[in-house]
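Student: Sequence:
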Amino acid sequence: MKDPRYKAIKSLIDTKSIQGLQDIFEVIPITIVKTDLGVHYNTLRRRIDKSELLTLKDIISLAELFEVEPVEIFKLSVIDYNKRKKRNVKKR
Numbered sequence: 338m339k340d341p342r343y344k345a346i347k348s349l350i351d352t353k354s355i356q357g358l359q360d361i362f363e364v365i366p367i368t369i370v371k372t373d374l375g376v377h378y379n380t381l382r383r384r385i386d387k388s389e390l391l392t393l394k395d396i397i398s399l400a401e402l403f404e405v406e407p408v409e410i411f412k413l414s415v416i417d418y419n420k421r422k423k424r425n426v427k428k429r
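Residue numbers (the working numbering): 338 to 429.
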């Protein structure tokens, strides 16, 4: 049975209430998602933390899990990438 929090995530994505891929894991633990995706915890954590490491397969799998279009997951991952990039520029 699918975790009911996936429906909440879908709703948050649809209403643009989620401001990045990282925000999803404030709603549902990464351990639940990694189990449902069949991915090792460290692999998923690394790909979420560095969104440029996400594969097309990852994006599609996450989209299917949250019942949203893959482009929505892609947009969220780009937002996270840009946030991280800005932080790194400020540190220099």
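It should be emphasised that the hints constitute simulated quantities derived from the structure, not laboratory data.
One or more hints might be untrue.
As the list claims (entries may be wrong) - Taking lysine-lysine and the DSSO-like style, the derived pairs with C-alpha atoms no more than 30 Å apart in a straight line are:
id	residue 1	residue 2
1	423	371
2	394	422
3	344	371
4	420	387
Computed from a prediction, not measured in an experiment: that's the story for all the values here.
Student: Each hint: holds or not?
Tutor: How the hints compare with the structure:
1. 423 x 371: holds, 28 Å
2. 394 x 422: The given pair, whose Cα atoms are some 24 Å apart, holds under the 30 Å limit.
3. 344 x 371: holds, 17 Å
4. 420 x 387: holds, 11 Å
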